[in-house]
Amino acid sequence: MLIKKHQYLAFVLPALIFILLIIVVPFLIGIYYSFTDSNGLRASFIGWKNFEVLFRDATFLQSFWLTVKFSVVAVVLINLVGLAFALIVTTHNNRLTKSLRTIFFMPNLIGGILLGFIWQFIFTSAFQAVATAFDLNFLKGWLSDPTTGFWGIVILFVWQMSGYIMLIYVSFLNAIPQNTIQAAILDGAKPTQIFFYVKLPQLAPAFTISLFLTLANSFKLYEQNLALTNGGPYRSTEMVSMYIYNTAFVNFQQGYAQAAGIILFLCVTLVSFIQLAISRKQEG
Amino acid sequence: MKKSRKILLGFLFGLLALGWFYPFIIVLINALKGKRGVFQNPLWFTRDFTLTNFKTAYQALDFTNSFVNSVIITVGSVVIITVISAAAAYALSRVKGPFSSVVYYLCAGTMLIPFQSIMIPLLSLFGRVNFLNRTSLIIMNTGLSVSLSIILFYGAFQGVSKSLDEAAALDGAYPLKTFVYVIFPAVSPMTGTVVILNAMKIWNDYLLPSLVVNKDGMYTIPLKMYSFFGETNSQWQLALAGLVLSMVPIIILFLLLQKQVMTSVTEGAIK
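These protein sequence lines map, in sequence, to chains A and B.
Here our numbering is used: the first residue of the first sequence is 1, the next is one more, and so on.
Here our numbering is used: the first residue of the second sequence is 1001, the next is one more, and so on.
One chain only, chain A, in its complex shape (with noise of 0.2 Å):
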């Protein structure tokens, strides 16, 4: 043995305090927590009731729905968009394509804050100059309205991150060896037929690290909820991690607001694990 053990423990116990005193105890905690009235100043233990309740919260519920809503619809046409763009890019190796990698790759480096004011931006003053100039209705007042509020962010997220998913897809897209498509291409093949028979099937493994990785951060979104409706029109627009934000620090019921983040915690578990399920079937 090389390292010996009081060198071992400096090397690992540094990263270990941080991810127990960050992460593990805070955790545990909260644990403790969602079983509590708590206000922020003082708590006692209530049992159940507040996962009780929360079955029963009306806006809970709504926020909860329309998170499972929208990731759904996300991570649909994130999907979509982004395995399009990554075959547009991968067409050719030119100058074009890689300029179309940077610029569908940008609005991922913008943080969710200053996302949602330019699409903020672009919902109210854009969509009214574009509705008025040709008399479109259905453009106006679109951060007003719960449906085309839910939609809003919807396109927010789809610009943000199918430029991400677009490098995922490419870097599978790239493995395929280039001597299978060649042999398909001899073989009289079209394009949509190698896109369907020789790609699609090598890609099985970007689409579950895809689906998920959108799945994970459409649950978790915040900011950009935030920035573009905050909510709004009457908490209609409002998804699970506001609700949560809402209730702690602007309600103050702490305990409650815990309850409703362990659950948070148990959806996301949920989907990783079905994740890994189905990446271990694909290896196997």
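Derived from the structure by calculation, the hints contain no laboratory data.
Where hints are given, some of them may not hold.
Said to hold, decoys possible - Mimicking BS3-like on lysine-lysine, the simulated pairs with C-alpha atoms at most 25 Å apart in a straight line are:
1. Lys1201(B) with Lys1259(B)
2. Lys1271(B) with Lys199(A)
3. Lys1201(B) with Lys1215(B)
4. Lys98(A) with Lys1002(B)
5. Lys4(A) with Lys1096(B)
6. Lys98(A) with Lys1003(B)
7. Lys1201(B) with Lys1271(B)
8. Lys220(A) with Lys1271(B)
9. Lys5(A) with Lys1096(B)
Stated by the list, open to error - Below, a sample of chain A positions facing chain B; criterion: calculated Cβ distance under 8 Å:
10. Ile88
11. Leu96
12. Tyr164
13. Lys220
Ideal Cβ placement from N, Cα and C applies to all residues, glycine included.
Following the hints, put chain B in place on chain A, whose structure we already have.
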């Protein structure tokens, strides 16, 4: 493919890219106008061209100060994260045993926990000892990022042959020296990935800083941008000038490090 078809496709792709990029353009265009111009035609340039919005926004954002805060917090966090997770991952990859496995699975497990599920107790923990400032924000950023960083480094160290360690040991180097001078330099592409992934996340973060350093003199760029936006009272030209200022540093940095950034982001997702 026929040449005419190729040109047509190139043209269509170019158009698509232009459309995708248009939100950035529209922000810039309207940041260069007076209030009237934004109202008249937000889609393109109008006659009232001005640069004063940037000056106003710069002052209102207290930009120098916010920028410095963002830099201090990002650099501080990223340096600590990189050093301690590389060190931990190195020991975990070289000494196999139950303890190493437990730590590795702890890292994998804690990555599952969404920040929203621990933010309330985390904040009350640090709030109770009255420790909410830039230093504690760096500590929290570090704790929240080491798990993923350790796993990324671990994969890289696994790929470095142990004969390299042994050769260094034969030359009389003790483990710290071997790590610093031989093994750590051997994984520099992964170090780049870890640095870029964490820097992007921390630079853009809003939620955690809003809970920890939401006070005068400690604002980061996203925090200040959020409060400035509320003060502009739908004077879009000012808000948009602020957005341009906030986005410029990261876009410049990206254009310089483009290839490395895109590789890092992909690696971070796949590994």
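Evaluation of the provided hints:
no.: 1; hint: Lys1201(B) with Lys1259(B); result: 18 Å, holds
no.: 2; hint: Lys1271(B) with Lys199(A); result: 21 Å, holds
no.: 3; hint: Lys1201(B) with Lys1215(B); result: 21 Å, holds
no.: 4; hint: Lys98(A) with Lys1002(B); result: 22 Å, holds
no.: 5; hint: Lys4(A) with Lys1096(B); result: 13 Å, holds
no.: 6; hint: Lys98(A) with Lys1003(B); result: 20 Å, holds
no.: 7; hint: Lys1201(B) with Lys1271(B); result: 17 Å, holds
no.: 8; hint: Lys220(A) with Lys1271(B); result: 21 Å, holds
no.: 9; hint: Lys5(A) with Lys1096(B); result: 12 Å, holds
no.: 10; hint: Ile88; result: 6 Å, holds
no.: 11; hint: Leu96; result: 6 Å, holds
no.: 12; hint: Tyr164; result: 6 Å, holds
no.: 13; hint: Lys220; result: 5 Å, holds
Every hint, counting from the list given before, is met by this structure.
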